[in-house]
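Undergrad: Single-letter residue listing:
Protein chains: 2
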Amino acid sequence: MALNTIFFVLICQILAVPIKGEGYLGYGPDLTGTAGEIWPKPLWQDDSGRYFDMDPNNFQFVAVNRNCPLLQDAISRYADIIRKSAQGYVKAPQTKVVRRIQKLSVNLTRTCGTLPSLDMDESYYVWGDGRIIANSIWGILRGLETISQLLVPMPNGMLRIPETEIYDEPRFKYRGLMLDSARHFISKTKILQLLEGMAYNKLNVFHWHLTDDSAFPFSSAVYPELSQKGAYRPELTYSPEDVKEIVEFARKRGIRVIPEFDTPGHTASWGASHPEIMTTCSGQYNGQLGPFNPTKEATFTLLYKFFSEIRNLFPDKYLHLGVDEVNPSCWESNSQIQNYLASNGLDNGDIPYLYLERFSANITSLGWKQMAWQEGFIENPWMAWPKDTIAQIWFDYKATAATLTKRKFNVIRSQDWYLYVLETGGDWEKFYNVEPTDFSGTDAQKQLVIGGEACLWTEFINEHNVLPTTFPRVAAVAERLWSEQAHRSIDEAKLRLEEHNCRMVYRGIEARPANSFGLC
Amino acid sequence: MALNTIFFVLICQILAVPIKGEGYLGYGPDLTGTAGEIWPKPLWQDDSGRYFDMDPNNFQFVAVNRNCPLLQDAISRYADIIRKSAQGYVKAPQTKVVRRIQKLSVNLTRTCGTLPSLDMDESYYVWGDGRIIANSIWGILRGLETISQLLVPMPNGMLRIPETEIYDEPRFKYRGLMLDSARHFISKTKILQLLEGMAYNKLNVFHWHLTDDSAFPFSSAVYPELSQKGAYRPELTYSPEDVKEIVEFARKRGIRVIPEFDTPGHTASWGASHPEIMTTCSGQYNGQLGPFNPTKEATFTLLYKFFSEIRNLFPDKYLHLGVDEVNPSCWESNSQIQNYLASNGLDNGDIPYLYLERFSANITSLGWKQMAWQEGFIENPWMAWPKDTIAQIWFDYKATAATLTKRKFNVIRSQDWYLYVLETGGDWEKFYNVEPTDFSGTDAQKQLVIGGEACLWTEFINEHNVLPTTFPRVAAVAERLWSEQAHRSIDEAKLRLEEHNCRMVYRGIEARPANSFGLC
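Chains as they are written, first to last, in this note's numbering: chain A, 1 to 520; chain B, 1 to 520.
Simulated from the structure, these hints should not be mistaken for laboratory data. Incorrect hints may appear among the rest.
For identical chains, the list gives no copy identity; a pair is met inside one copy or between any two copies.
Said to hold, decoys possible - Capping the alpha-carbon separation at 27 Å, the derived lysine-lysine pairs in BS3-like fashion look like this:
| hint | residue 1 | residue 2 |
| --- | --- | --- |
| 1 | K406 | K252 |
| 2 | K84 | K190 |
| 3 | K84 | K188 |
| 4 | K41 | K173 |
| 5 | K446 | K96 |
Only chain A is shown next, with the shape it has when bound in the complex (with noise of 0.2 Å):
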């Protein structure tokens, strides 16, 4: 039966089934993943080979120092995902320990902030003894998880915890997961399941896409008829008491919410019920709407009404503009605007400024500083952004990246990190080595790369795919922006990842397996 051998050996080839070493299969799941491995790999980290162990039903956090909400609930959060870990799905050997711990000791060391920001310090210490210290309850949180990640259950039941010493502080300042709320509607359930997973990967941005052509789901208290005629249905919409509870879940693990209502394009939702504020096109796309209408009062007044509500509800200091992909055909179609401009001395070219100049300086009196995607910057040279005004890129990555620090602007990179992008396999390699500083610049352009973000856009996801499409994937981008760029080894990576799904399934977070079969 020679000829079955090489038939088997050469069908597998065609097929790429792997042959695991070479032989007969093993029971069990195909791989072994890490137990006790940090994801996304810390800065610094030292072990001394000795392990501490701890009872998962004997042992307390202790807050030796500052002490505030965010703190207590941080602590109890972590106590109980702690204790559930003993029956998790990662698990240690049976190891020789030196001791056992009885305490976790929680030292902030300075004043507990409230709202997480851009320039939030997320540093902190944590040895294997059960001490953590930083300097901020953000590093604290960032501290929490680490921790949660080091104990692992032994098979006599308690938890082991390395000797080791930790010193983790991020990369990149800016740490994002975009949802696309409008294409399909995602429900509160999910976001909050999308934040609580994000924490596990220290992940420290919601940059929430509400709005689009297709839907209106957010459900204005000053303007009810944008969703009432917007959203898909009425029942699929967020309203404000929803949107109340997804910030401050996101607060209290330390990430920040940035919505965005895209305009002036990507707005045929708001014209279901304010057409008065659009352009009717006329010409080639004659009858149809275009984007806001810049030349009137009724635009600006709507919006300077509808962003002072938006203000409230969205503590952030950033907005995100939106202004992706404007189509500027239906402003030079419009004989109003037409008149307009030749009553003002303008031309076609002012048209994006008239929006811009004014809608800019609007937020900033709001209070927001500001962010939009590149064609803001690219498209429209000229217009005066405020100091810190961030630019998202998704496409042209190099030149873009390139052009925009040389004139000074923070960005982050958006594009290779668009999840709804789905091949055969555990696909997250493709999103692992992604680099955001990779385009010709000098080192001061390089330092204007404040992080990056992974984009679910929704036009193929919806409220029953958008948590195994994120998990465990998002994990690939959140460890590019956290760990040290030297970080490339997919081969290292992946048993980490596999310990670090597995902890993620176990905790409750729908992903999809990460590399093979399993338990996870």
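Got chain A sorted already, so can you dock chain B onto it with the hints?
TA: Using the frame of chain A, we list chain B on its own:
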């Protein structure tokens, strides 16, 4: 700003962003699905162009001829589905109707069957005035699904139904979905949802690949150690009661359940508790455990007892024997097997037959007909399989289908219907026009193609993505297997699938989006 326009169009071309109708998007879903069209497409449908209506809160099903518990159960299930559809995502415009229907009459003309089978009659007639006629309960079930799809709510709250006449029967009698519950454990809850979704697509076989190298998740009453040692975790198992519930749930929906406990390869998980029936390899794979050892009585004793238990749990006439990917090297390296061959005047070429002939005879004696993967026929060409044995083809389709139908085996196609193969977007199209008769052969050979089966191999599928990976993509396979070969238009199918997916999502199936943005 002509430059901007050119830039916009260029970017859209580069990124393949659809510019809807070459202009500005309106608000609302991208695609407007059909309203009241059937998936899969019926064999024959003739509409008058007129409509009836029905009050979702004031109608009754009447069994006007034979009756039985299966019929009663189906009527009550569909009465509920139809009542709830009044709030569903699919809507018809307000249409003038000729008459109100208050009764849905169900005319079962012959004695009610109790167990779905390969040769069950699934044909039925449906009239839009509220009549279903079929010769068998299985046809009634398919007709109920059809009538539930015809009924769509109008703005006035009434359900609309066309004055239509439908005669329908499937093109293929075997229309399956295979689930591998060994590589990842899939909970009973998710399996019941899979079955529910299968019924909505008129699929009729649930092929349950229960065990594999990686895990043995079935908790046997006769050999409890098989799962105690071979399952990933003790709680990741199906009890005999779980199996009974799943089989009964399927039966009520006219779905057969064909179990597969893959042998003689893919059996490492059996070896966890019963290494004595495995082959211990020497030489290249020294110390590893290979396929079942066919020269030991213990092997057949255990299998006979085990499959006697299985026989009582799975009433279907067919058992799937597996027989895929058997690498004979280990058999050939084992000195006890070599001694056996020498003493009996046999050689290596006889080993697989020692297993297959005796095992197959035992399975026959237990009252089963048989299925196996193609290797059981191609690699073992002298195996005298019982009449009616079905070959499942998963690679090299054209050559294999030609060869096996020439040898007069019934075949089903699975190649190109592996659901874990993912692309970006609504990637059901690639499954839609895969054709089971696409090989060179006579009409008589083509007649031996009895259907096909989509496969959920679970290397990259777990509890959390199994449903959105399956639905709506498997609907493409379901229509190919039910509807006429001539139905090949993606454009026609797309809008019907948009409706069908909305219907499935509304009924509680965790389906991902079919095509693009919208409510479903």
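Undergrad: Please go over all the hints and tell whether each is borne out by the structure.
TA: A quick look at each hint next to the structure:
1. Taking CA atoms no more than 27 Å apart as the test, K406 paired with K252 passes in neither setting, with 36 Å inside one copy and 68 Å between copies.
2. Taking the shortest alpha-carbon separations for K84 and K190, both the intra-copy value of 22 Å and the inter-copy value of 24 Å come in at or below 27 Å.
3. With identical chains, the CA atoms of K84 and K188 are at most 27 Å apart both within one copy (25 Å) and between copies (24 Å).
4. For the homomeric pair K41 and K173, the shortest alpha-carbon distance inside one copy (16 Å) is at most 27 Å, but the shortest distance between copies (54 Å) is not.
5. In this assembly of identical chains, K446 and K96 lie within 27 Å of each other by CA distance neither inside one copy nor across copies; the values are 46 Å within and 66 Å between.
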